[in-house]
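> Sequence:
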Amino acid sequence: MTGPNEGVGGDAPQAIRKLKPGKLVIASHNPGKVREIRALLGPYGIEPVSAAELDLPEPEETGTTFVANAELKALQAADLSGLPALSDDSGLCVEALNNEPGIFSARWGGEAKDFDLAMRKVEDRLAALPPETSRSAHFICALALAWPDGHVEWFEGRVDGTLVWPPRGDKGFGYDPMFVADGHAQTFGEMDPQAKHAMSHRADAFRQLVAAVF
Numbered sequence: 062m063t064g065p066n067e068g069v070g071g072d073a074p075q076a077i078r079k080l081k082p083g084k085l086v087i088a089s090h091n092p093g094k095v096r097e098i099r100a101l102l103g104p105y106g107i108e109p110v111s112a113a114e115l116d117l118p119e120p121e122e123t124g125t126t127f128v129a130n131a132e133l134k135a136l137q138a139a140d141l142s143g144l145p146a147l148s149d150d151s152g153l154c155v156e157a158l159n160n161e162p163g164i165f166s167a168r169w170g171g172e173a174k175d176f177d178l179a180m181r182k183v184e185d186r187l188a189a190l191p192p193e194t195s196r197s198a199h200f201i202c203a204l205a206l207a208w209p210d211g212h213v214e215w216f217e218g219r220v221d222g223t224l225v226w227p228p229r230g231d232k233g234f235g236y237d238p239m240f241v242a243d244g245h246a247q248t249f250g251e252m253d254p255q256a257k258h259a260m261s262h263r264a265d266a267f268r269q270l271v272a273a274v275f
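Just so we're on the same page, our numbering is the position in the sequence shown counted from 1, plus 61.
Among these hints, one or two may not hold up.
[Unchecked claim] EDC-like, lysine to aspartate or glutamate: derived pairs with alpha carbons at most 20 Å apart:
id	residue 1	residue 2
1	Lys84	Glu251
2	Lys232	Asp253
3	Lys84	Glu114
4	Lys81	Glu122
5	Lys174	Glu121
6	Lys84	Asp140
7	Lys182	Asp231
8	Lys232	Asp221
9	Lys84	Asp116
10	Lys79	Asp265
11	Lys232	Glu156
12	Lys79	Glu119
13	Lys232	Glu193
14	Lys81	Asp185
15	Lys174	Glu184
16	Lys174	Asp185
17	Lys174	Asp253
18	Lys174	Glu161
19	Lys182	Glu172
20	Lys79	Asp140
21	Lys182	Glu156
22	Lys232	Asp210
23	Lys84	Glu108
24	Lys182	Asp210
25	Lys81	Asp140
26	Lys182	Glu193
27	Lys174	Asp140
28	Lys79	Asp210
29	Lys174	Glu119
30	Lys232	Asp243
In case anyone wonders, no lab produced these hints; they're calculated from the structure.
Based on the sequences and whatever the hints tell you, model everything.
The following block contains the structure:
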């Protein structure tokens with residue numbers, strides 16, 4: 062997918078702000094996301110520090126899209142820390158469930174963000190539908206990069222696949238154990254992290270970010 066900084070219809074990409082080496086706040090309290098983002102940022106001279114390490118509060122996610130929620134998290138972290146901040150808002154969209162849980166993916170796990178519970182809720186909803194119902198789904202990842210002066214760049218990635226049950230694998234996080242990407246046999250929960258990083262929704266968004274800001 063293209064973000065606002067990508068060329069559309071063959072147009073040249075717009076000139077955007079570059080990110081210099083140094084400290085960057087990862088505006089997330091999700092250790093799985095922080096771990097993946099650290100790995101993806103490793104080669105670029107960035108020193109990632111998480112919002113949790115800086116004791117920054119988690120903002121209420123009041124946006125109605127992945128991009129809106131990513132922007133509000135990145136802007137708050139940049140404002141409070143005085144550093145550039147990168148936020149990820151991502152989730153699972155199940156086509157037969159009108160693209161739910163979508164932006165509410167973490168909240169389907171309750172206050173404890175229990176993804177075993179969240180995956181069971183998805184499966185129960187699908188099981189209540191006719192047997193021939195499609196199990197197609199996709200992950201979306203919106204990345205927002207904000208500076209303390211309020212400037213924001215955003216990028217959105219996607220990966221399509223199918224949901225399986227029961228969940229398989231103990232790698233990854235979130236809904237990974239029930240998601241098989243198109244063209245693959247393993248779930249994200251079974252896949253080696255490096256293999257997932259090469260083709261996930263987050264990797265897609267990161268490829269766009271890297272091409273634009275580094």
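> Now tell me, hint by hint, if it's right for this structure.
Quick rundown of the hints versus the structure:
1. Lys84 <-> Glu251: violated, 32 Å
2. Lys232 <-> Asp253: holds, 7 Å
3. Lys84 <-> Glu114: holds, 13 Å
4. Lys81 <-> Glu122: Judged against 20 Å, a Cα distance of about 28 Å means the pair is violated.
5. Lys174 <-> Glu121: Given pair Lys174, Glu121 holds - Cα atoms ~15 Å apart, limit 20 Å.
6. Lys84 <-> Asp140: holds, 14 Å
7. Lys182 <-> Asp231: holds, 19 Å
8. Lys232 <-> Asp221: holds, 19 Å
9. Lys84 <-> Asp116: holds, 16 Å
10. Lys79 <-> Asp265: holds, 19 Å
11. Lys232 <-> Glu156: Roughly 24 Å separates the two Cα atoms, so the pair is violated.
12. Lys79 <-> Glu119: The hint is violated at about 26 Å.
13. Lys232 <-> Glu193: violated, 30 Å
14. Lys81 <-> Asp185: violated, 47 Å
15. Lys174 <-> Glu184: Status holds; Cα separation ~17 Å.
16. Lys174 <-> Asp185: holds, 18 Å
17. Lys174 <-> Asp253: Status violated; Cα separation ~24 Å.
18. Lys174 <-> Glu161: Holds: Lys174 and Glu161 sit about 16 Å apart, inside 20 Å.
19. Lys182 <-> Glu172: holds, 15 Å
20. Lys79 <-> Asp140: Answer holds: Lys79 to Asp140 is near 18 Å, not above 20 Å.
21. Lys182 <-> Glu156: holds, 15 Å
22. Lys232 <-> Asp210: violated, 38 Å
23. Lys84 <-> Glu108: holds, 4 Å
24. Lys182 <-> Asp210: Given pair Lys182, Asp210 is violated - Cα atoms ~41 Å apart, limit 20 Å.
25. Lys81 <-> Asp140: Given pair Lys81, Asp140 holds - Cα atoms ~18 Å apart, limit 20 Å.
26. Lys182 <-> Glu193: Within the cut-off at roughly 19 Å; holds.
27. Lys174 <-> Asp140: Violated, because 27 Å separates the two Cα atoms, which is more than 20 Å.
28. Lys79 <-> Asp210: holds, 14 Å
29. Lys174 <-> Glu119: Given that 20 Å is the threshold and the Cα spacing comes to 14 Å, the pair holds.
30. Lys232 <-> Asp243: The hint holds at about 18 Å.
Against the hints set out earlier in the document, violations occur for numbers 1, 4, 11, 12, 13, 14, 17, 22, 24, 27.
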